[in-house]
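Given next are the chains, with one letter for each unit.
Protein chains: 2
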Amino acid sequence: MGDDLVGPQSTEVTETTEVTETTEVKDAPVTLALDAEGGDNAPGEIVAGALLAASSSLRVLLVGRPQVIEPHLAGDVSATARSHISVLASASVISSHDEPAAAVKTMHDASIVVGARSVADGLSQGFVSAGSTGAMLAAALLIVRRAGGIRRPAIVTLLPGVRGPVVFLDSGANAECRPEHLVEFAILGTAYSRTVIGKAGPRVGLLNIGVEEGKGNELAQAAHRLLERSGLNFVGNVEGTDLLADVADVVVTDGFTGNVALKAMEGCAGAVFSRVRDAAGTGVRSKVGGILLRPALRRMRAGYDPEEYGGTCLLGVRGLIVICHGNATRKAIANGLRFGAEALRKGVLAGVEAEVARITVPGDPAAS
Amino acid sequence: MGDDLVGPQSTEVTETTEVTETTEVKDAPVTLALDAEGGDNAPGEIVAGALLAASSSLRVLLVGRPQVIEPHLAGDVSATARSHISVLASASVISSHDEPAAAVKTMHDASIVVGARSVADGLSQGFVSAGSTGAMLAAALLIVRRAGGIRRPAIVTLLPGVRGPVVFLDSGANAECRPEHLVEFAILGTAYSRTVIGKAGPRVGLLNIGVEEGKGNELAQAAHRLLERSGLNFVGNVEGTDLLADVADVVVTDGFTGNVALKAMEGCAGAVFSRVRDAAGTGVRSKVGGILLRPALRRMRAGYDPEEYGGTCLLGVRGLIVICHGNATRKAIANGLRFGAEALRKGVLAGVEAEVARITVPGDPAAS
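As they're listed, the protein sequences go chains A and B.
At position 193 of the first sequence the residue is numbered 193 (this note's numbering), and the sequence of numbers has no breaks.
When you read off a place in the second sequence, starting at 1, and then add 1000, the result is the number in this note's numbering.
Hints were generated in silico from the structure; no laboratory data involved.
Keep in mind it's a predicted model, so treat the numbers as computed, not measured.
Possibly wrong hints are sitting among the right ones.
[Unchecked claim] Residues from chain A that face chain B, not an exhaustive set, calculated with beta carbons under 8 Å:
hint, residue
1, S56
2, G172
3, I209
4, G240
5, D242
6, L243
7, L262
8, A264
9, V276
10, G290
Glycine is no exception: its CB is placed at the ideal position from the N, C-alpha and C atoms.
Could you put together the complete structure from these sequences and hints?
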């Protein structure tokens, strides 16, 4: 079914449609819920982030205990920004020690639960939090609920590819996957790349341990076969070495491998930067070199900084869920809000719907 | 059983025993077979590598077609080095396009088969090749054969940790693993760390997507439980971010995840280095800084260069199998030979035997 739909549509037609939709949506203000009580720096930095990002086109619904939030909204703050922030009262906080699903089911007045409910009820179009990732995932699945045709929402991360961002998923929402789940990830990633990044026909790659077909574990081999006949623009296996190279616009893998690969890259980039710093601190010659090179290195490092790109989100539910690092500062929170608003304006949710309608996932009861 | 044996032995006793063994072995010359016909730069660079490394304590058995090898051993070469090289005739070459296991079974006169047989027959103690990794693995399993008590030999890679090398396995020999295989990897890694790196009681970590117990996919969760009661010095889960941090001396994972993580780090380090280079080429200030910093960066980069550390090997068979990059130059080959000889002199094979005797692998028929 999915294959039949691809043929008649030319790339241009698809592109034109998208551009029109984007323009229409652009003027509409976006409302995002923000968990004022999530993360190591809550509530001060979270509220400060809201004040940095809030505007007439980005309204913020600040979720938390009013007595905790209000002092940070008073005093010497921008009256304009303040006028675009509303407070949505919650009464408790889910900590990282709580069992996520159980907490979401029982703590009806927790900030993550209230924030997720605001999306489900249409008060907001998305929810941003630096709190417990596990609780955010549980709230997304149980309260915001899955988008039609998607059984496994996935965490999307943007990798700093050599020629622009690479859409990478799943970064850790689904530790155990079946082959058809990787096809769903490819659908979500394709929708994201089309709408948010603006690629007309994103190339989809499968993270694997060799480029040849037949490589990999059982999951990768089966996923390869399914992706080949999915109707997506599947370009084959992508090795870890090529994740940042310009060989695919979207790379899919299971949430275990994805999380390990992502964190391994983070750790490696951190180690290399430290060593560059160490190298620039040894000997007069290197020290002078390091000082001269510092601004350029700082600009470059920003590309690897989650505070800057802020683009980790859960895709595949009926709203946009933006997941910030636990140690997010006001800058990271503001970037998370801006990123979320931009993705929604560009039509990422409608993009997922369109891609689900276009591609048939094998093993989907609705398709057989 | 394994637990009982650990108790009475103090760390000092173990250490003393190891030091004595190492000293005894140190004087014995090592003979390594070298595949003269494997890799992109064969035979010229391979033979040149042999000439760089061969000495009275490192004899090289050069495997290949004599008419192909001999010209490179003649002419302007060191007579001393030449005198420590013998030629072992093979008649064909397994290419990367051949199906590895089938090729090893049928091409009895191929260089990889002849080299592996020299280990099995006691002509050499190890085999070095830059040829097909798949064929090397197949030859190791089918011809050199598994070490007693080891069902899944694994590829060991040394990661450039912030406080010295981290022993990482499996880097790709076993794409599909059961939990007990990860315990075998931990045994192999512990033996390697004790003997080659010289750690008395190496800390073993499990690569996972969170530090808490209960995290990860089914394989990681089950492996965690087995490692906890293995008698090894298991320190728990290690996240990708901490692979290069000093949290474990040995990190184990399945060969799929291991290969992806390793290559992701390689790709990321390469991308960061390129960007440092680009940053140092933009603007006069940065250019001067880059030139001054260059020697320090070059020294640092060597730590991430497979040509330099040359330490990827297959452990768990009755000999040492050193796997070089397909594009290995003479320097990489010479380092691979030196690394292999050093590991053998330090008693890595006896170390594996000792660790297998000390630790009981669950699910091992011999142990139940």
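Here is how each hint holds up against the structure:
For A:S56, the interface hint is violated, the least distance from its beta-carbon to any beta-carbon of chain B being 37 Å, above 8 Å. Among the interface hints, the one on A:G172 holds; its C-beta lies about 6 Å from the nearest C-beta in chain B, closer than the 8 Å criterion. Hint status for A:I209: holds, given a least beta-carbon distance of 4 Å to chain B, under 8 Å. The interface hint given for A:G240 holds, since its Cβ lies 3 Å from the closest Cβ of chain B, which is under the 8 Å cut-off.
For the restraint placing A:D242 at the interface with chain B, the shortest Cβ-Cβ distance is roughly 6 Å, inside the 8 Å limit, so the hint holds. At a threshold of 8 Å, the smallest CB-CB gap from A:L243 to chain B is about 5 Å, leaving the interface hint in force. About 7 Å separates the beta-carbon of A:L262 from the nearest beta-carbon of chain B, less than 8 Å, and the hint is met. About 4 Å separates the beta-carbon of A:A264 from the nearest beta-carbon of chain B, less than 8 Å, and the hint is met.
This hint holds: A:V276 has a C-beta 6 Å from the nearest C-beta of chain B, less than the 8 Å allowed. Interface restraint check for A:G290: the shortest CB-CB distance to chain B comes to about 6 Å, inside 8 Å, so the restraint holds.
Violated hints amount to a single one, hint 1; each of the other numbered hints is respected by the structure.
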